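Student: Below, each chain spelled out in residue letters.
There are 2 protein chains.
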Amino acid sequence: MISLGKRPTFDKLLMGPGPSTVDPRVLRAMSEPAMGYLDEDFLSILAETQDLLRYVFQTKNKLTLAVSGTGTAGMETALANLIEPGDRVLICVNGFFGNRMVEISRRYGADVSTVLAPMGEPIDPENLGRELKHIGKVKLIGVVHAETSTGVLQPLEEIVKLAHEHDAFVVVDAVTSLGGVEVPTDKLGLDVVYSGTQKCLSCPPGLAPITLREETANYLRKRSKEIGSFYFDLSIIEEYWDGGKTYHHTPSMNLIYALNEGLRMIVEEGIENRWKRHKINAMALSRGLEAMGLELLVKPEYRLPPLTTVKVPEGINEREVRKRLMAEYRIEIGAGLGELKGKVWRIGLMGSTSVRKNVILFLSAFGQILRSMGFKAHLEDAIDAATEVFRGE
Amino acid sequence: MISLGKRPTFDKLLMGPGPSTVDPRVLRAMSEPAMGYLDEDFLSILAETQDLLRYVFQTKNKLTLAVSGTGTAGMETALANLIEPGDRVLICVNGFFGNRMVEISRRYGADVSTVLAPMGEPIDPENLGRELKHIGKVKLIGVVHAETSTGVLQPLEEIVKLAHEHDAFVVVDAVTSLGGVEVPTDKLGLDVVYSGTQKCLSCPPGLAPITLREETANYLRKRSKEIGSFYFDLSIIEEYWDGGKTYHHTPSMNLIYALNEGLRMIVEEGIENRWKRHKINAMALSRGLEAMGLELLVKPEYRLPPLTTVKVPEGINEREVRKRLMAEYRIEIGAGLGELKGKVWRIGLMGSTSVRKNVILFLSAFGQILRSMGFKAHLEDAIDAATEVFRGE
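Note that the protein sequences, when read in sequence, are chains A and B.
Sequential numbering of the first sequence, starting at 49, is according to the numbering used here.
Sequential numbering of the second sequence, starting at 49, is according to the numbering used here.
By construction, these hints were calculated from the structure, which means they are not laboratory data.
Please note: incorrect hints may appear among the correct ones.
Because identical chains cannot be distinguished in the list, a pair is counted as satisfied if it fits within a single copy or across any two copies.
[What the hints assert, rightly or not] Result set (DSS-like, lysine-lysine): computed pairs, CA atoms no more than 25 Å apart in a straight line: (1) K371 - K293; (2) K347 - K391; (3) K359 - K293; (4) K185 - K371; (5) K391 - K293.
Nothing here was measured: the structure is a model prediction, and the numbers come from that model.
With the hints as constraints, model all of the structure from the sequences given.
Tutor: Right, here's the structure in full:
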């Protein structure tokens, strides 16, 4: 008998809250040899990547680049660069990542207020307006466009209108929306928008794309007190991305190669087509889950196409279902975070994962497992309902 | 005629201050598909990577992991976790990265003093002792083990002894030494040591290995005031690395795969063999450069094997030499940083780059370019001197 040490299995279908499936083209691009951080070839790739990022952010913002860290690094960059100790900030909290914005703002010395909504619901702009009247001048308003913990897509228009009427910057978390849902950066004049690479951009994690409106970038360039973090100081990072004018840190060339290729694939597909693809596959999944007899956490009008949250039926062990999906099908889905722990599953259809065959495979595998555990999942109805959506397309 | 858009050239020999050549095995490991951050397979890879890091750090420290950022992120993590506003810290500055430690300490609210040495020389422990007597109690002493800006290897023993006599933590920058030179973590009881992946570990950039002595880690776990940064908060990151006990951020699986494979290659080679390889190739390079008629910046006893700094001869345009090395040979070397700009070249022999053929190729290419620019480089003597070192081995 041959004895081999246990090696990991890489063949998994990533239908959780991220990372999503990375296309082989992107993996190949990433595995090119590294090169110098001031190499002309690398500086060209950086410049092209900035243009490609502007396309997915739908912006003309000069200060558009990728921070060398994950989505949370993007959040910290956005907040650390704007906040000075003692500043009043107002964070919209309807999930785990809103709470994280509160925590980071606090660490950078902000006086933080919140506007709340239950997990699974969007923030009501009326509540925001009332809070703004109540507390008076705030420097920035933080809002999560796509709450990865709940699957809520937050409408932004009224929030941005209120913020700008009150002369406050709007910081938008688009970690799970960028590349999968329209992010109206220039359309609404969002001040700062950040994201991560491993969700709807379908690249490996490790970079945080970020863009700042020119007026907001100018505020940074001129702020008198330097920011608390050196690693996240955008005024220096910006100079490096501008043709290597200064040295700040050695970026991960390989992650940049990957991001560049992933963004090229978005241009080839067309961003509007990509939004539509995410919408249709998510709708097929939702209809299928409902037809199966399950309940979704979020009302149809606020559902986030890249991430669907479905309630765990009574008497079903949610962890067991996830374990079986992995063991029997090598499919990963996510558990609930925070308050929703044990109460929902999070099913991602992001980037390259968002294709018809994954919807159908998932409904079949998931339904079969639920049936074997005693829940009467209507499998035929589920497949019919999903197929109906594809047919109507 | 076929018209093709300009694409980058990846075939370069990286003999600058980093990144170094990445072995194809590491590139292949990196290009495996991503997986979930709580996937059992991934958690196993993380645990194994911690063990491998302990081997290269020569430590048994429990808190040993890789921060999701570059070497500068490692520096910020080390300082941010130890410093509380108002703390007195003392930084040894003999180059660019010592100055960076000063800047980051200041941003986290420290009251910073410095002990200086000229660029190209090590810190004199006597000066440190005098400064300690003068300023009294300090919380931490920062020192750069391997100054990438000058090529100085700092002896640590006396500095650590002084620090511990004065009850101060020692924070050691081992960005350009780890994996190429002995880093005496447990031997000397270093409190915090951090590094980067793209130097002597020969992995792509993007991760910062770090290790903390148990007493120092306990200080963090108990410190009353939380640290200014959330992204770099080791007390939370540590819990994630400990079997995924908490969620902090989604690490870059692909960079971890790469690091894991790169570290496995170090175990296969044997860390002592690796130190010896770096030493011999660097000696061959130094002897070759001197025999050629050039002067090195650093005295023999303080030379850093992974990085050699050579002075630009009078009348030679240093930038032109680098440009020609890239254009004619696709070899990258580095320019001087800060005060040394225009005055030295920095030649790296790190990790996979540190092999005999690169020494010989470099001496030949470099010597030939210098000759064509009017400097009488003794090419034969250079090759003979380098070969002599290899023969004596």
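Student: With identical chains, the pair K371 and K293 could be close in the same copy or across copies; at 25 Å between alpha carbons, which is it: within, between, both, or neither?
Tutor: For K371 and K293, the Cα distance is within 25 Å only across copies (17 Å; inside one copy 50 Å).
Student: Within, between, both or neither: how does the pair K185, K371 come out at a Cα-Cα threshold of 25 Å?
Tutor: Answer is neither: 49 Å inside a copy and 54 Å across each miss the 25 Å cutoff.
Student: Measure nothing new, just compare the shortest in-copy and cross-copy C-alpha distances for K391 and K293 to 25 Å and report within, between, both or neither.
Tutor: This pair counts as between: shortest inter-copy Cα distance 19 Å, intra-copy 51 Å.
Student: From the Cα coordinates, with 25 Å as the cut-off, is the pair K347 and K391 best called within, between, both, or neither?
Tutor: Answer is within: at 16 Å inside a copy they meet the 25 Å cutoff, but 66 Å across does not.
Student: Which holds for K359 with K293 at a C-alpha limit of 25 Å: within a copy, between copies, both or neither?
Tutor: between (51 Å within a copy, 24 Å between copies)
Consistency note: the structure conflicts with earlier hint 4 alone.
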